Amino acid sequence: MITDATPRFSPPHHVWRILTGAVIGALLWLATGVQLAQQHSAGADMWFYTGDPLVGLACLAALVWRRRFPLPVALATALASAVSTTASAAALLALCSLATRRRPMEIAAVLLVSVAVSQTYVEFRMAGAPSGPLWLQLAVAVLVTGIAAAGGVAVGARRTEVRSLQHRAESAEREQLARAAQARTQERTRIAREMHDVLAHRISLVAMQAGVLNHRADLSNHDRQVMIRGIADGAHQALEELRDVLGVLRTDPDRPEQPQPTVESIPDLVTDARTSGLDVTWTTTVRGTPPEAIGRACYRVVQEGLTNAAKHAPGTAVHVGAGGAEGHELRISVGNSPATGVPARCPESGFGLLGLTERITLLGGELDHHRSADGGYLLAARLPWPRHDDEKRA
Numbered sequence: 001m002i003t004d005a006t007p008r009f010s011p012p013h014h015v016w017r018i019l020t021g022a023v024i025g026a027l028l029w030l031a032t033g034v035q036l037a038q039q040h041s042a043g044a045d046m047w048f049y050t051g052d053p054l055v056g057l058a059c060l061a062a063l064v065w066r067r068r069f070p071l072p073v074a075l076a077t078a079l080a081s082a083v084s085t086t087a088s089a090a091a092l093l094a095l096c097s098l099a100t101r102r103r104p105m106e107i108a109a110v111l112l113v114s115v116a117v118s119q120t121y122v123e124f125r126m127a128g129a130p131s132g133p134l135w136l137q138l139a140v141a142v143l144v145t146g147i148a149a150a151g152g153v154a155v156g157a158r159r160t161e162v163r164s165l166q167h168r169a170e171s172a173e174r175e176q177l178a179r180a181a182q183a184r185t186q187e188r189t190r191i192a193r194e195m196h197d198v199l200a201h202r203i204s205l206v207a208m209q210a211g212v213l214n215h216r217a218d219l220s221n222h223d224r225q226v227m228i229r230g231i232a233d234g235a236h237q238a239l240e241e242l243r244d245v246l247g248v249l250r251t252d253p254d255r256p257e258q259p260q261p262t263v264e265s266i267p268d269l270v271t272d273a274r275t276s277g278l279d280v281t282w283t284t285t286v287r288g289t290p291p292e293a294i295g296r297a298c299y300r301v302v303q304e305g306l307t308n309a310a311k312h313a314p315g316t317a318v319h320v321g322a323g324g325a326e327g328h329e330l331r332i333s334v335g336n337s338p339a340t341g342v343p344a345r346c347p348e349s350g351f352g353l354l355g356l357t358e359r360i361t362l363l364g365g366e367l368d369h370h371r372s373a374d375g376g377y378l379l380a381a382r383l384p385w386p387r388h389d390d391e392k393r394a
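Heads up: the sequence shown is residues 1 to 394, going by the UniProt record's numbering.
Keep in mind that a hint or two might mislead.
What the hints assert, rightly or not - With beta-carbon atoms standing in for the labels, derived distance ranges:
#1 Gly288 with His370: 27 to 37 Å
#2 Gly364 with Glu175: 24 to 34 Å
#3 Gln182 with Ala61: 49 to 59 Å
#4 Gly323 with Ala169: 50 to 60 Å
#5 Trp65 with Glu175: 31 to 41 Å
#6 Trp65 with Trp135: 28 to 38 Å
#7 Ala169 with Thr284: 52 to 62 Å
#8 His370 with Arg224: 34 to 44 Å
#9 Arg168 with Thr357: 38 to 48 Å
#10 Ala172 with Ser372: 46 to 56 Å
#11 Asn221 with Gln186: 45 to 55 Å
By construction, these hints were calculated from the structure, which means they are not laboratory data.
Here the structure is a predicted model, which means the values were calculated and not measured.
Yeah, the Cβ is synthetic: ideal placement off N, Cα and C, and Gly gets one too.
When you get a sec, could you build the whole thing from the sequences and use the hints?
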């Protein structure tokens, strides 16, 4: 029976093995014929010239099924070698093929049959020939069949090892493909989060200013010019930030990496929001400079809070506050009062707070967002701020 560890041979592979058995059988048949001619003046009998080759050819033909029915074929050819010299080569080849399965009971059974049959052949065909003592005959038979069985066991072990290596290589390739797919997914998520964080704020402010121009007919020419200039500047800054984000995807080693925003960049963000028409106040009690990752996350919290206030609560008053110290935690909050106007119709991605939650969670912090008691909205984050010495030890 063919198993998974048994390789499937093409017809040419079967042919050359059977031809090898035929050549070895023919050489044995010729050697036996010469010995019989020396033993008997009349030469060998008719069976040797007709029956012996025919039985050998039948055994060679049976080798075609040696991989499907290894034990029956090995036993049949071993028994046939009792009356046929040419069948001996086929019997050894069948034994070798059986041994590749590495099943001790099967190998031992065929070995015993082969050794016993060899003595039967000596009595049947070589009677009267000087063949040496019985122990020598048995030793030669055991040696020959043992070599065939050992060769088959070695081939079977090699096949199992090769199959195991193939399975390991396939498994490693599948794992590598899975890791590559996971890495691509994570990178796409990161790029999408960065693009949202960078562009959503600018585009929302531009949309808010455009909405004010469309609905406020009482604006003076000066206010209109300020609004128009703010829209142009916001669109230009959004384009520049988009180029910066896309520049990360290029593998240009000479391209300088753009500086990332930190807590120190929040006042500039508040100033831009005021210029765009938001009523924003900013207070801070932060003592020291937090790590870049924590500072960048705080900046994104403020950016998301101002973006949402501009989109969903026009005319609101927004308060941005930060506090904390090294060795404790860093707190950042963006709260706005209830809206006093109709929200502008801006496209929504729906992933802003989701991406922000992932960013804060990766840093070991917590993000909270809910409606306040006065009908406004509060977005707050708490981030761990370990001491510099603790980071080094970690």
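The hints, checked one at a time:
1. The beta-carbon spacing between Gly288 and His370, approximately 29 Å, falls within the hinted interval of 27 to 37 Å.
2. For the hinted restraint 24 to 34 Å between Gly364 and Glu175, the CB-CB distance of approximately 29 Å keeps it satisfied.
3. Under the hint 49 to 59 Å, the C-beta atoms of Gln182 and Ala61, about 55 Å apart, fit the expected range.
4. At about 56 Å, the beta-carbon gap between Gly323 and Ala169 stays in the expected band of 50 to 60 Å.
5. Hint check: Trp65 to Glu175, Cβ distance near 40 Å, so the stated range 31 to 41 Å holds.
6. Restraint check, Trp65 to Trp135: a C-beta distance of roughly 36 Å satisfies the suggested window 28 to 38 Å.
7. Take Ala169 and Thr284: their Cβ atoms lie about 57 Å apart, and the range 52 to 62 Å holds.
8. Between His370 and Arg224, the C-beta spacing of about 37 Å keeps the proposed range 34 to 44 Å intact.
9. The beta-carbon spacing between Arg168 and Thr357, approximately 40 Å, falls within the hinted interval of 38 to 48 Å.
10. A hinted range of 46 to 56 Å holds for the C-beta pair Ala172 and Ser372, which are about 54 Å apart.
11. Here the CB-CB span from Asn221 to Gln186 is close to 51 Å, well matched to the stated 45 to 55 Å.
Of the hints listed earlier, there is not a single one the structure fails to meet.
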